[in-house]
Amino acid sequence: MSARKAVPAKRRPLKNTHKKRKNLQWNMLLYIAGQTPKTVRALANLRRICDEHLAGLYSIEVIDLLVKPRLAKGAQILAVPTLVRHLPAPMRKIIGDMSNTEAVLVGLDLRKRG
Amino acid sequence: MVTRRKLALPSPLRKAPTGILRKALTGVPGFDEITGGGLPKGRCSLICGSAGTGKTLFAMHFLAYAARELNEPVVYFTFEETAEELAMNLASIGHDISSLVSKKKMLVEHVYLDRSEVIDGGEYDLDGLFVRLGAAIDQIGAKRLVLDTLEVLFASLPNEAILRAELRRLFRWLKDRGITTLITAERGQGALTRYGIEEYVSDCVVLLDHQVLDEITTRRLRVVKYRGSSHATNEFPFLIDDRGFSVFPIGIGLDHGASSERRSTGIERLDTIFGDRGYFKGSSILISGTAGTGKSTLSAWMASAACRRGERCLYFAFEESRDQIVRNMRSIGNDMAPFLQNGTLRILASRSSLHGLEMHLVTMANAIREFKPELVILDPISNFIAAGTTTEVKSMLTRLIDMLKHQEITGIFTSLTFGGSALELTETTISSLMDTWMMVRTYEHDGERNRGLMIVKSRGMRHSNQVREFIMNDKGIELVDVYLGSSGVLMGSARVDRGAREGQDKRGLTQEFEKRRRAIEHKRLATEAQIRVLQASLESDSAEMLQAQKASDERMADDDSTRQRIAAMRTADTLRSVRRNRRLARKESR
Numbered sequence: 001m002s003a004r005k006a007v008p009a010k011r012r013p014l015k016n017t018h019k020k021r022k023n024l025q026w027n028m029l030l031y032i033a034g035q036t037p038k039t040v041r042a043l044a045n046l047r048r049i050c051d052e053h054l055a056g057l058y059s060i061e062v063i064d065l066l067v068k069p070r071l072a073k074g075a076q077i078l079a080v081p082t083l084v085r086h087l088p089a090p091m092r093k094i095i096g097d098m099s100n101t102e103a104v105l106v107g108l109d110l111r112k113r114g
Numbered sequence: 001m002v003t004r005r006k007l008a009l010p011s012p013l014r015k016a017p018t019g020i021l022r023k024a025l026t027g028v029p030g031f032d033e034i035t036g037g038g039l040p041k042g043r044c045s046l047i048c049g050s051a052g053t054g055k056t057l058f059a060m061h062f063l064a065y066a067a068r069e070l071n072e073p074v075v076y077f078t079f080e081e082t083a084e085e086l087a088m089n090l091a092s093i094g095h096d097i098s099s100l101v102s103k104k105k106m107l108v109e110h111v112y113l114d115r116s117e118v119i120d121g122g123e124y125d126l127d128g129l130f131v132r133l134g135a136a137i138d139q140i141g142a143k144r145l146v147l148d149t150l151e152v153l154f155a156s157l158p159n160e161a162i163l164r165a166e167l168r169r170l171f172r173w174l175k176d177r178g179i180t181t182l183i184t185a186e187r188g189q190g191a192l193t194r195y196g197i198e199e200y201v202s203d204c205v206v207l208l209d210h211q212v213l214d215e216i217t218t219r220r221l222r223v224v225k226y227r228g229s230s231h232a233t234n235e236f237p238f239l240i241d242d243r244g245f246s247v248f249p250i251g252i253g254l255d256h257g258a259s260s261e262r263r264s265t266g267i268e269r270l271d272t273i274f275g276d277r278g279y280f281k282g283s284s285i286l287i288s289g290t291a292g293t294g295k296s297t298l299s300a301w302m303a304s305a306a307c308r309r310g311e312r313c314l315y316f317a318f319e320e321s322r323d324q325i326v327r328n329m330r331s332i333g334n335d336m337a338p339f340l341q342n343g344t345l346r347i348l349a350s351r352s353s354l355h356g357l358e359m360h361l362v363t364m365a366n367a368i369r370e371f372k373p374e375l376v377i378l379d380p381i382s383n384f385i386a387a388g389t390t391t392e393v394k395s396m397l398t399r400l401i402d403m404l405k406h407q408e409i410t411g412i413f414t415s416l417t418f419g420g421s422a423l424e425l426t427e428t429t430i431s432s433l434m435d436t437w438m439m440v441r442t443y444e445h446d447g448e449r450n451r452g453l454m455i456v457k458s459r460g461m462r463h464s465n466q467v468r469e470f471i472m473n474d475k476g477i478e479l480v481d482v483y484l485g486s487s488g489v490l491m492g493s494a495r496v497d498r499g500a501r502e503g504q505d506k507r508g509l510t511q512e513f514e515k516r517r518r519a520i521e522h523k524r525l526a527t528e529a530q531i532r533v534l535q536a537s538l539e540s541d542s543a544e545m546l547q548a549q550k551a552s553d554e555r556m557a558d559d560d561s562t563r564q565r566i567a568a569m570r571t572a573d574t575l576r577s578v579r580r581n582r583r584l585a586r587k588e589s590r
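So the protein lines, in turn, are chains A and B.
Per the working numbering, the very first residue in the first sequence carries number 1; after that it's consecutive.
Per the working numbering, the very first residue in the second sequence carries number 1; after that it's consecutive.
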C-alpha cells in the first residue's frame, strides 16, 4: 500500500484559489493508521459528503501513519482518523469516522457552526 | 528474647529476586529509599499534585537520571510546554536537556491539540498517539517514558467515553511493551486526579502537595499506592532547589556506630571539664542559656578549633549574617576569616522563618551531603519553634541528629532559654537527644551579671560538676573557678574583691602575729628586767643581812667580854661554872 493515495480530483491551479470564494479549493489530508473498519467508514463517509457538496473542488490525500509514522508528529495527530483541512484557511481537524455529517459539514466550512 | 525491630527501609541496592516486581531507580535523592528502589519497572506510575508541586521536575529527574547515569534512552512527551520551554525551565534547576537530546539519549516531543481546531466527526481511536509513541520509543530504543499531563487530552478531544477506553488501552499497550512509564496529572477535587485516571494507572501512585501552616509552606510527598511492593506510607517532606528534587526520608534509625575519639573544644579549661580530653567525635552537644550568655561565641570558638585541626565545619546561623558573625568573633580574638577563605569553614545564614522546618531539614541535609563537614553547628535551634511546634522541632532534630550520627559528624546546637522560664525546662524536650549538655547562665550579684558555665550531662565520660565562671575578653574565652561559699556563688568583681580581701586577710594575719610576737618579747624583756631588779634587791638584802649579822655578833662579843669583865669585877660565876654546877647536880640526883 502506498503512503499517499491521491484521490483523483479536478484540480485548479493553486494561485487562483483565493481569488474568489467560488473558486475555493478544498485540500484535505486524511490520517489513518492501517485499514480498520473505522478508516474505511471514514473514507466512505467523507467521499459521500464531498461528492455531494464539493463536487470537483476537493482533493483528499490519505496518509497511513503505520507506514509514515513521522508524519504524525508534524501534523500533531493524536486521534485517527483525523481529517486535516488545510485549505481553505484556517486549518481544521475533524476527528472520527465522519459519521456525524453535520459536524463534518461545519468542519468543511459548508455550514455555520452551531 | 526481644529482638530489635529496625525501621527498615529496603535498600535500593538490594537486588530484587526474579519473579518479584523489579524497580527502576529514579535518582531522586530519598525517593528510592522510600520505595525501596524506585518506580515499578515496565509499568505505569502516576504522579499527581496540584499546580506547582513539582510533578514535571520529578518526572524529569526520573528521565535524566536514567539517560545520564544508567545509559538508558528516554522519551518525554509533553502535552503542555514546548520542548524549548521545557529545556529552558529545567536548565534553571540543573538539568541540561539539550545536551541529552543532542546525544540521542532523550527525545522530547511536544503533543499539541487545540480544542478550537478540533471538530467531533464521530468515533475515533488514539492510534495516532500510539504511532507517535511507538515511533519515538523505537527511534532511540527508549526504556522509560514520561507523559506530562496526559489529562490535557480530556480538554482537547471530544467524547470522553472513547478517550477513557483509549487511555486504558494505551496503558495496557505500554505495559506490554515493557516501558517504565510515568504519567503526571493535576490533583482533582476530592480525587487524586481531575479526570480520575488513577483508576487505570494502578501500579504506583505518588502524591505531591504543599501544606501551608502559619504562612510557611512545606512540600510533601506520599506514596499512595504501590502494588506488589512495600513502601513507606508517611508524608515525606521534599525540596526543590537549584539542584533539583530531593526527598528526606524520616527516621534512619538508631543503628549508628559510636566513636571513642575525642576532639578538643579549643578551650583548655573546658577540655579539662570533659575529663581532660574534650568531646566525643560524632556526639551531639547542646549549649543552652539565657540571652547574651555567649552560646554563639562558645560554638564559634569550637568551630575555629576544629578548622585549625583541618576539619571541615558547617555553621548554620539563624540569627546573624556571615559577616556579622566573623566581625563579632574577631572582637574576642577569634578570626574566622582565614577558615572561610581556605574552605574549611562554611557559614550558611538564613532566617528560620524563611521556610518550614522540613524544608530547613532538607536544605541542611543537602548542604551537609555536599560539604561533608566533621562539625555542624546550628545556632540557635530555639528559633525553629517559630517555624513549628515543639513536637515538630523535636522530630526534625531527631532526624538531623540521626543523620549526623550516621556520618560521625559532631553536632553543636545552641538553644536560647527565655529569661523567665525555668532554665532546664525548655530543653527537656530535646535534651534527651543530646549526649552533652552545657549550660551557660548568668548570675546576678551586687548589681552585676556574670556568666557561669556548667555541664548538665555528658554521656560516657567523667566530667566536672563544678560551675566555672565563663569570661570573654579580647584574648578569647577563659574559664575561671568561682567562689562557692556561705554567701553563695561569687563571680566577676565580687570574686576579684573576695580574692583581694583574702589577700588582705592573709597580710593582716601576719601583721597581727608579728605584733603579738613583739608584745610578748617586750613583756619577756620587761619580766627579765624585773627579775634582774628583784635579784639585785635580793642580793643587796642578803648583803645587808650579812652585815647586820656581823654587826650583831660583834656587838654580842662585845657584850660578853664586857659581862665577863663585869663578872670578873664582881667575881660572879662564870657562865661555865654555872653550867658545870648544873651538870653535877643532875648526876647526883640519878
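If you're looking for bench data, these hints aren't it; they were derived computationally from the structure.
One should not assume that every hint holds.
[Stated by the list, open to error] In silico DSSO-like pairs for lysine-lysine, Cα to Cα no more than 27 Å straight-line:
no., chain 1, residue 1, chain 2, residue 2
1, B, Lys550, A, Lys73
2, B, Lys457, A, Lys68
3, A, Lys73, B, Lys105
4, A, Lys68, B, Lys143
5, A, Lys68, B, Lys104
6, A, Lys68, B, Lys103
7, A, Lys73, B, Lys372
8, B, Lys587, A, Lys73
[Unchecked claim] Quick partial rundown of chain B residues pointing at chain A, CB under 8 Å, derived from the structure:
no., residue
9, Glu117
10, Val118
11, Arg132
12, Val152
13, Phe154
14, Glu160
15, Ala161
16, Ala165
[As the list claims (entries may be wrong)] Partner residues are not named here, just some residues of chain A that face chain B (Cβ under 7 Å, in silico):
no., residue
17, Ala33
18, Gly96
19, Val104
Every value quoted in this text rests on a predicted model; they were computed, and no experiment measured them.
Each residue gets a CB set at the ideal place from its N, CA and C atoms; glycine is no exception.
Going through the hints against the structure:
| no. | hint | verdict |
| --- | --- | --- |
| 1 | Lys550/B to Lys73/A | violated, 167 Å |
| 2 | Lys457/B to Lys68/A | violated, 77 Å |
| 3 | Lys73/A to Lys105/B | holds, 19 Å |
| 4 | Lys68/A to Lys143/B | holds, 23 Å |
| 5 | Lys68/A to Lys104/B | holds, 21 Å |
| 6 | Lys68/A to Lys103/B | holds, 24 Å |
| 7 | Lys73/A to Lys372/B | violated, 47 Å |
| 8 | Lys587/B to Lys73/A | violated, 187 Å |
| 9 | Glu117 | holds, 5 Å |
| 10 | Val118 | holds, 5 Å |
| 11 | Arg132 | holds, 5 Å |
| 12 | Val152 | violated, 10 Å |
| 13 | Phe154 | violated, 12 Å |
| 14 | Glu160 | violated, 13 Å |
| 15 | Ala161 | violated, 13 Å |
| 16 | Ala165 | violated, 12 Å |
| 17 | Ala33 | holds, 4 Å |
| 18 | Gly96 | holds, 3 Å |
| 19 | Val104 | holds, 5 Å |
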